[in-house]
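S.K.: Read off the chains here:
There are 2 protein chains.
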Amino acid sequence: MFSPEVYRQRRKALASTLSGGIAVFPGNRESPMNYPANAYPFRQDSSFLYYFGIQQPDLAGIIDIDEGTETIFGNEPGMHEIIWIGSGRSLKETCGDAGIDTLKPSDSFQETLKGSLKGGRKVHLLPPYREEHRALFAALSDAALELTVSQELIRAVAAQRSVKQAEEIEEQEKALGITRHMHLAAMKTARPGLFEYEVFAAVQNEAAAAGGRLGFPAICTVKGQTLHNLSYNNQLKAGDLLILDGGGETAERYTGDITRVTPVGGTFSEKQKEIYQIVLKGKEEATALIKPGIPYRDVHLHAAKVMAEGLKSAGLMKGNTDDAVEQGAHALFFPHGFGHLLGLDVHDMESLGEDFVGYDTEIERDSQFGLAYLRLGRRLKENWVVTAEPGIYFIPELIDQWQAKNHLADFIHYEKLDEYRSFGGIRLEDNILVTAEGYRVLGEPIPITISEVEAAAST
Amino acid sequence: MFSPEVYRQRRKALASTLSGGIAVFPGNRESPMNYPANAYPFRQDSSFLYYFGIQQPDLAGIIDIDEGTETIFGNEPGMHEIIWIGSGRSLKETCGDAGIDTLKPSDSFQETLKGSLKGGRKVHLLPPYREEHRALFAALSDAALELTVSQELIRAVAAQRSVKQAEEIEEQEKALGITRHMHLAAMKTARPGLFEYEVFAAVQNEAAAAGGRLGFPAICTVKGQTLHNLSYNNQLKAGDLLILDGGGETAERYTGDITRVTPVGGTFSEKQKEIYQIVLKGKEEATALIKPGIPYRDVHLHAAKVMAEGLKSAGLMKGNTDDAVEQGAHALFFPHGFGHLLGLDVHDMESLGEDFVGYDTEIERDSQFGLAYLRLGRRLKENWVVTAEPGIYFIPELIDQWQAKNHLADFIHYEKLDEYRSFGGIRLEDNILVTAEGYRVLGEPIPITISEVEAAAST
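Residue numbers (the working numbering), protein chains in the order written: chain A, -13 to 445; chain B, -13 to 445.
Calculated directly from the structure, the hints in this document are not laboratory data. In this text the structure is predicted, and so the values were computed from the model without any measurement. Even for Gly, the Cβ is constructed at its ideal location relative to N, Cα and C. Treat the hints with care, since some could be wrong.
[To be verified] Derived Cβ-Cβ restraints for the label pairs, each shown as a range:
id, chain 1, residue 1, chain 2, residue 2, range
1, A, Lys223, B, Arg407, 49 to 59 Å
2, B, Gly101, A, Ala121, 50 to 60 Å
3, A, Gln42, B, Pro22, 21 to 31 Å
4, A, Ser217, B, Gly64, 43 to 53 Å
[As the list claims (entries may be wrong)] Cut-off 30 Å, straight-line C-alpha distance, at most; resulting in silico cross-link-like pairs (DSSO-like, lysine-lysine):
id, chain 1, residue 1, chain 2, residue 2
5, B, Lys160, A, Lys78
6, A, Lys277, A, Lys160
7, A, Lys174, B, Lys160
8, A, Lys223, B, Lys108
9, A, Lys367, A, Lys402
10, B, Lys257, B, Lys298
11, A, Lys174, A, Lys298
12, A, Lys277, A, Lys209
13, A, Lys160, B, Lys391
14, A, Lys291, A, Lys277
15, B, Lys100, B, Lys(-2)
16, A, Lys291, A, Lys304
17, A, Lys78, B, Lys391
18, B, Lys277, B, Lys402
19, A, Lys160, B, Lys298
20, A, Lys298, A, Lys277
21, A, Lys209, A, Lys78
22, B, Lys277, B, Lys257
23, B, Lys78, A, Lys209
24, A, Lys259, A, Lys291
25, B, Lys(-2), B, Lys174
26, B, Lys209, B, Lys277
27, A, Lys209, B, Lys223
28, B, Lys78, B, Lys257
29, A, Lys223, A, Lys277
30, B, Lys174, A, Lys174
31, B, Lys100, A, Lys160
32, A, Lys367, A, Lys267
33, B, Lys298, A, Lys391
34, A, Lys104, A, Lys(-2)
35, A, Lys160, A, Lys291
36, B, Lys174, B, Lys298
37, B, Lys160, B, Lys402
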């Protein structure tokens, strides 16, 4: 945990932006795998973590704006918990670590909410994203008193959590230190004959040996054309491209989110090099635009144009680049967004609703295929942390679908695509801090040029 | 997956024992960590897995006893799923792997249930253990039609899943092969100066590199007196005992469940040896009783007596052993049960209710401290797989609680206990198949005698 003052200040800052009522943060419970006592490793809700910092299940926090009070609801461990889970410190002491003086028993939490609702007070809650939270909403709602999500709280939390504090940026760098070792391990491990799960094991081991875990289930596959492929059962063969999109999480639950691509066998083919350079150029030239005030949608579209130009040189696209990108032809190859906010969540605050977090009244989400998947479109601000992650993929089913309709055929050399059906995909991703002047790539450098990656793969 | 015939036979066997109606198996959904799209690694419900074998979220299966039909409810992937999650095979084909011909869309599942309820048919459902299942019960229940858990189905499923088939025993052996490597890794890794998470990393790596994962969050700690300690933050020092209670899971989701204790620094002290031998003797002599027909409660109590005898020799207990165990004095040191069923769940079928699975009308759960935690008390049957896992622990808070009341002081040398307050705990666990004649310890041997463990720790 950070110092109690960090959490106190955050709560104070939040309270000062809300019009009144109570802001309610239900912490997470354990998530059962196959029965209640066999739970997944506990993950606290990120907003609870941000304002209260305590990584224990079955807690809730309330900030009473009108009264100026702050309360945690939870129970002290009894002998059963001491025998089975361990004594550790009292919950009262742990609350002190979060700068909270008032601890009330769990069963008074719902009563407090009901009382506030009945008293006609504003009850601010964030959107539920786990069934346990939905159950809370259901339990508290009846015909007379409907509990609804508070857009005022969503906007206030999103505004606050988007701007990273110094101690958060430090955590982000720490996470990237672990993440760097994960990627070096993958580059070193990816050898013909191994299975993806063996590379994944080496990657996960770096996070575990650093005392943490993965911030999200890593993508570690030679079938990179599937954007979110989470199976690890393919065997690596020489000439494959192994894509690793993974990040290590710190004890405070900040995560890295880095993607690199390793040639299985140690060297890229000429064909692979050509596409790789296009993605790298797209990433670098679009990243160079990052500074406060620029819409991230523009950064995304710039990457799309740079890569469309490259794909024209490679003989895969044709026609006017601006027109191609305006009509979304590049999305056949680059069907996802350039990046998203990063922090306590790998897609930071996605649970609050992407349209609140990544868009605003000035820049609304587009409905065009590809651009619609851009998670962050609005103007950047200083001290936001974002990912920069363009990619080029050859997705046979998507190619077939478009080609059957001759979709955007003015911009795509469909006849050339046959040679690329088994190419897979390439994505390159870094984590970027928006600074007052521009940007800074976070973390120590991780091999990314072709020669750097080939060197790392052969050590 | 096993062959389609395996699943067909299992469903047929189940249907033949039910009086009528429909047996409903809602599969699991993804479990969100910090937002819906960032989910924990998917774990299918074990009963769904047993009867339908498919490891995908958002499915449900219905066996219609009256009509003799079998249906899976789920949706084929669209282009969005192909781009993001991968194409793979059609769901229709996958259903074929489970011997199921009828696939219906997901949204007809609740309608089918409602129709059956309204038609006055018996709707058999197992107890919900995830909020998503509770939500299903809630959605289907109203004042007129209350959906309830089917005790008939619980008993039928428990009876069937308890008796392991040949292919299940083979999976169990496979799981123990991975588990063995995990324990050898821990013995080899546990060195003074390392942190528990570094040992845990080496353990987890063995499961991951074999293409699997842990069947349950491993206990890997030098604070073994906390029975279910899941934090890994202590530093190992010479003289500590590192307890590893862990198991690898196969692709079919059978898990090993083995506990071993390694002396940090490579050799046990004389004091540690004495307690270790008592636990080992308790395990061996009680295990020797295992055969069809013996109540597992008797096996548990025999282990308690053997260990109470040993604790008497060590000067920690006193008085008549039978009386001591009858009054539960041993539970100060051995507060948990001797073992449980093992299979698709590490506590097999715990979600169905331990009292249905581990007890019956002949042998009911005891309320005495310690014995109350015994998960399996009933008479054993051929082809059950059980764990044998006695332990001795020195839990300072529990000692203080008992000593303050002078509880069972006729049997406990409280004055001697002071020397043991920082001892920690020792548990030794194997997985046992009940055979027609007696029992067989499953898996290749894992070092367990003092000399074997010391040898493994020094390699």
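S.K.: Hint by hint, note whether the structure agrees.
M.R.: Against the structure, the hints:
For the pair Lys223 of chain A and Arg407 of chain B, the beta carbons lie near 58 Å from each other, so the given range of 49 to 59 Å is met. At about 26 Å, the beta-carbon gap between Gly101 of chain B and Ala121 of chain A misses the expected band of 50 to 60 Å. Between Gln42 of chain A and Pro22 of chain B the CB atoms are about 23 Å apart, so this pair conforms to the stated range of 21 to 31 Å. Checked against the hint of 43 to 53 Å, the C-beta distance between Ser217 of chain A and Gly64 of chain B comes to roughly 19 Å, which is inconsistent with it.
Between Lys160 of chain B and Lys78 of chain A the CA atoms are separated by roughly 46 Å; this puts the pair beyond 30 Å, and the hint is violated. Under the criterion of a C-alpha separation no larger than 30 Å, the hint pairing Lys277 of chain A with Lys160 of chain A is consistent with the structure, at around 23 Å. For the proposed pair Lys174 of chain A and Lys160 of chain B, the alpha carbon gap of about 29 Å is at most 30 Å, so the pair holds. About 54 Å separates the Cα atoms of Lys223 of chain A and Lys108 of chain B, which puts this hinted pair outside 30 Å; it is violated.
At roughly 42 Å between alpha-carbon atoms, Lys367 of chain A and Lys402 of chain A are farther apart than 30 Å, so this suggested pair is violated. Between the alpha carbons of Lys257 of chain B and Lys298 of chain B the distance comes to roughly 14 Å, so the proposed pair stays at or under 30 Å and holds. Restraint check: the Cα-Cα separation between Lys174 of chain A and Lys298 of chain A comes to about 33 Å, which exceeds 30 Å; the hinted pair is violated. In summary, the hint linking Lys277 of chain A to Lys209 of chain A is not supported, as the alpha carbons are separated by about 34 Å, beyond the 30 Å threshold.
Only pairs whose Cα atoms come within 30 Å are accepted, and Lys160 of chain A paired with Lys391 of chain B is rejected, the gap being roughly 50 Å. For the given pair, Lys291 of chain A sits about 19 Å from Lys277 of chain A by alpha-carbon distance, which is consistent with the 30 Å threshold. Of the pairs offered as hints, the one joining Lys100 of chain B and Lys(-2) of chain B holds, with about 24 Å between alpha carbons and a cut-off of 30 Å not exceeded. Pair hint Lys291 of chain A plus Lys304 of chain A holds up; C-alpha atoms about 12 Å apart against a cutoff of 30 Å.
Only pairs whose Cα atoms come within 30 Å are accepted, and Lys78 of chain A paired with Lys391 of chain B is accepted, the gap being roughly 26 Å. For a cut-off of 30 Å, the pair hint linking Lys277 of chain B to Lys402 of chain B is broken: about 38 Å separates their Cα positions. In summary, the hint linking Lys160 of chain A to Lys298 of chain B is not supported, as the alpha carbons are separated by about 52 Å, beyond the 30 Å threshold. With a C-alpha separation of about 29 Å, the suggested pairing of Lys298 of chain A with Lys277 of chain A holds against the 30 Å cut-off.
With a C-alpha separation of about 50 Å, the suggested pair Lys209 of chain A and Lys78 of chain A falls outside the 30 Å cut-off, and the hint is violated. Between Lys277 of chain B and Lys257 of chain B, the direct Cα distance comes to roughly 34 Å. Violation of the 30 Å bound is thereby established for this hinted pair. At roughly 23 Å between alpha-carbon atoms, Lys78 of chain B and Lys209 of chain A fall within 30 Å of each other, so this suggested pair holds. Of the supplied pair hints, the one linking Lys259 of chain A and Lys291 of chain A holds, its CA atoms being roughly 19 Å apart against a limit of 30 Å.
Simply put, Lys(-2) of chain B and Lys174 of chain B have alpha-carbon atoms about 47 Å apart, too far for the 30 Å limit, and the pair is violated. Between Lys209 of chain B and Lys277 of chain B, the direct Cα distance comes to roughly 34 Å. Violation of the 30 Å bound is thereby established for this hinted pair. This hinted pair does not check out: Lys209 of chain A and Lys223 of chain B have alpha carbons roughly 44 Å apart, beyond 30 Å. With a C-alpha separation of about 62 Å, the suggested pairing of Lys78 of chain B with Lys257 of chain B is violated against the 30 Å cut-off.
About 41 Å separates the Cα atoms of Lys223 of chain A and Lys277 of chain A, which puts this hinted pair outside 30 Å; it is violated. For the proposed pair Lys174 of chain B and Lys174 of chain A, the alpha carbon gap of about 24 Å is at most 30 Å, so the pair holds. For the hint pairing Lys100 of chain B with Lys160 of chain A, the CA-to-CA distance comes to about 52 Å; that exceeds 30 Å, so the pair is violated. With a CA separation close to 24 Å, the supplied pair Lys367 of chain A and Lys267 of chain A stays within the 30 Å bound.
For a cut-off of 30 Å, the pair hint linking Lys298 of chain B to Lys391 of chain A is broken: about 84 Å separates their Cα positions. Using a Cα cut-off of 30 Å, the hinted pair Lys104 of chain A and Lys(-2) of chain A holds, with the two alpha carbons roughly 26 Å apart. The straight-line distance between the Cα atoms of Lys160 of chain A and Lys291 of chain A is roughly 34 Å, outside the 30 Å bound, and the hint therefore fails. Annotation: proposed proximity of Lys174 of chain B to Lys298 of chain B is violated, straight-line Cα distance about 33 Å (limit 30 Å).
The hinted pair formed by Lys160 of chain B and Lys402 of chain B fails the criterion: a straight-line CA distance of about 44 Å is larger than 30 Å.
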